[in-house]
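There are 2 protein chains.
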Amino acid sequence: MKILWVFAHPEQRSLNGSLMTEGLRTLEELGHEHRVSDLYAMGWKAVVDADDFGDGPRERLFVGREQQRAYGDGELSKDILVEQEKIAWADTLVFQFPLWWFGPPAILKGWFDRVLVQGFGFGIEGPDGRTLRYGDGGLAGKRALVVTSVGARESGFGPRGIHGSIEEVLFPLLHGTFWYTGMAALPPFVVYGADRLTESGRSHGAAALRERLRTLHTTEPLPFRHENGGEYDEDLVLRPDIARGLSGVGVHRAPR
Amino acid sequence: MKILWVFAHPEQRSLNGSLMTEGLRTLEELGHEHRVSDLYAMGWKAVVDADDFGDGPRERLFVGREQQRAYGDGELSKDILVEQEKIAWADTLVFQFPLWWFGPPAILKGWFDRVLVQGFGFGIEGPDGRTLRYGDGGLAGKRALVVTSVGARESGFGPRGIHGSIEEVLFPLLHGTFWYTGMAALPPFVVYGADRLTESGRSHGAAALRERLRTLHTTEPLPFRHENGGEYDEDLVLRPDIARGLSGVGVHRAPR
Chain A
1 MKILWVFAHP
11 EQRSLNGSLM
21 TEGLRTLEEL
31 GHEHRVSDLY
41 AMGWKAVVDA
51 DDFGDGPRER
61 LFVGREQQRA
71 YGDGELSKDI
81 LVEQEKIAWA
91 DTLVFQFPLW
101 WFGPPAILKG
111 WFDRVLVQGF
121 GFGIEGPDGR
131 TLRYGDGGLA
141 GKRALVVTSV
151 GARESGFGPR
161 GIHGSIEEVL
171 FPLLHGTFWY
181 TGMAALPPFV
191 VYGADRLTES
201 GRSHGAAALR
211 ERLRTLHTTE
221 PLPFRHENGG
231 EYDEDLVLRP
241 DIARGLSGVG
251 VHRAPR
Chain B
1 MKILWVFAHP
11 EQRSLNGSLM
21 TEGLRTLEEL
31 GHEHRVSDLY
41 AMGWKAVVDA
51 DDFGDGPRER
61 LFVGREQQRA
71 YGDGELSKDI
81 LVEQEKIAWA
91 DTLVFQFPLW
101 WFGPPAILKG
111 WFDRVLVQGF
121 GFGIEGPDGR
131 TLRYGDGGLA
141 GKRALVVTSV
151 GARESGFGPR
161 GIHGSIEEVL
171 FPLLHGTFWY
181 TGMAALPPFV
191 VYGADRLTES
201 GRSHGAAALR
211 ERLRTLHTTE
221 PLPFRHENGG
231 EYDEDLVLRP
241 DIARGLSGVG
251 VHRAPR
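These protein sequence lines are chains A and B, in that order. Quick note: the first sequence uses my numbering, first residue 1, plus one each step. Quick note: the second sequence uses my numbering, first residue 1, plus one each step.
Quick caveat, the hints were computed from the structure, so don't treat them as lab data. Note that this is a predicted model, so its numbers are computed, not measured. From the three backbone atoms N, C-alpha and C, an ideal C-beta is built for every residue, glycine too. Heads up, a few of these hints could be off.
To be verified - Restraint ranges, calculated between C-beta atoms of paired labels, are given here:
#, chain 1, residue 1, chain 2, residue 2, range
1, A, S18, B, R256, 46 to 56 Å
2, A, M42, B, A208, 53 to 63 Å
3, B, E154, A, G43, 31 to 41 Å
4, A, H204, B, E211, 18 to 28 Å
5, B, Q12, A, T218, 47 to 57 Å
6, B, L246, A, A207, 45 to 55 Å
To be verified - Sample of chain B residues facing chain A (criterion: CB under 8 Å; computed from the structure):
#, residue
7, E28
8, Y40
9, W100
10, P159
11, E168
12, D195
Isolated chain A, as found in the complex:
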């Protein structure tokens, strides 16, 4: 396998840093190839702005349109092109980050904002003229895994926990980003209680991560529904006979 590991933590000597070291070592032992985007170490520019798009004449900046144009014209800035090349190379993407305000740190959010532009990550038309999205699209065929740490205890992230279940809290990433661009979203790997982890808790976390990496290619992805699979109507609303009477983000997962 070819794995791109995107790491978004400012401190290599953190729990996350040691988990990445452990994870990369495991991938090597398993004979997989890997490349790393250590966003802090790279000094990754987090913010989308006009500097991303070459210096053609411009009056008003339409971000999405300009991203698509610059991608087509080969005028996206170099750092973006490098990341796109890594994504194209990889069959599996790992995103590792501490959960801050129930989402990825800004530096990683900015990686999605800047790299997954229209024409590359999405906005591609299929043979029948329909836009390929949600299970299909620019990154279809790849798998994506979140590896994250949270300070809080696990109970608060259960189906009725106060923080929301981790899969629903991460819905914008798992469904709205991975699945949207065609990538199969694997069940997230989460280390809970990271603020008070003992040495044995760390060992346990590392062992669990090794196991997840061993089964990276066989793990069943989250069973999100395909946009073009016949379950959504023309307004992109789930047909009444599917998950009848239910609502909420959970309805976009098919029952196993």
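Chain A is already provided as a structure; the job is to place chain B on it using the hints.
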């Protein structure tokens, strides 16, 4: 009222820019005071790193702990202190941004990551020794409104729409950030179909925004449940008799 308007769009001449202009004019007409944090115009630093925390001796950076320490010692960097002062001044916060990858742009995510540190936004103990969170906390008594634009049509953001309902997609922000720090989360103001908006669509959007601002202080906030209101058990799980048999992030909203 005293309103802090946080704006996260790289282009002033955008739909978002004109909506902000319209919004600020309306606030003035209504006799409210306002201050603005135009994050792109300010060159806001999006990324948490060691530069945020003064230059004391440091071996390993524990982000949360160091944020709390630097806040207590008055050693947070100046740009963070300025934003915290604006928040303390305001009774209402407006966050305006285009929805990118179903969340705020990196520059705004980084505002939350850097400004809402432990000791200021959360992590404060109540008189009974319980941590004040979710409806209570550092920013209790304030209200927060999201003003956002999305390219997609509204139907896809309904209760069974493919993108997820806007309130559930924004759960990390509305519940996990606003409510977590004590702020009442108002129903988001959303302009749908922003990519294909006609002139009359823009006027309609501007009029709707003016109306929302007129009722800013009377609008009923989203009825999220209080952590310390007796509905959650010691593990922060919703008690079995509340929203019996249900799960998903929707259970954290009380029925009206």
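Okay, the hints, checked on the actual structure:
no.	hint	in the structure
1	A:S18 / B:R256: 46 to 56 Å	holds, 47 Å
2	A:M42 / B:A208: 53 to 63 Å	violated, 42 Å
3	B:E154 / A:G43: 31 to 41 Å	holds, 39 Å
4	A:H204 / B:E211: 18 to 28 Å	violated, 54 Å
5	B:Q12 / A:T218: 47 to 57 Å	holds, 50 Å
6	B:L246 / A:A207: 45 to 55 Å	violated, 35 Å
7	E28	violated, 25 Å
8	Y40	holds, 7 Å
9	W100	holds, 5 Å
10	P159	holds, 4 Å
11	E168	holds, 5 Å
12	D195	holds, 7 Å
In the structure shown, a violation is registered for the earlier hints numbered 2, 4, 6, 7, in ascending order.
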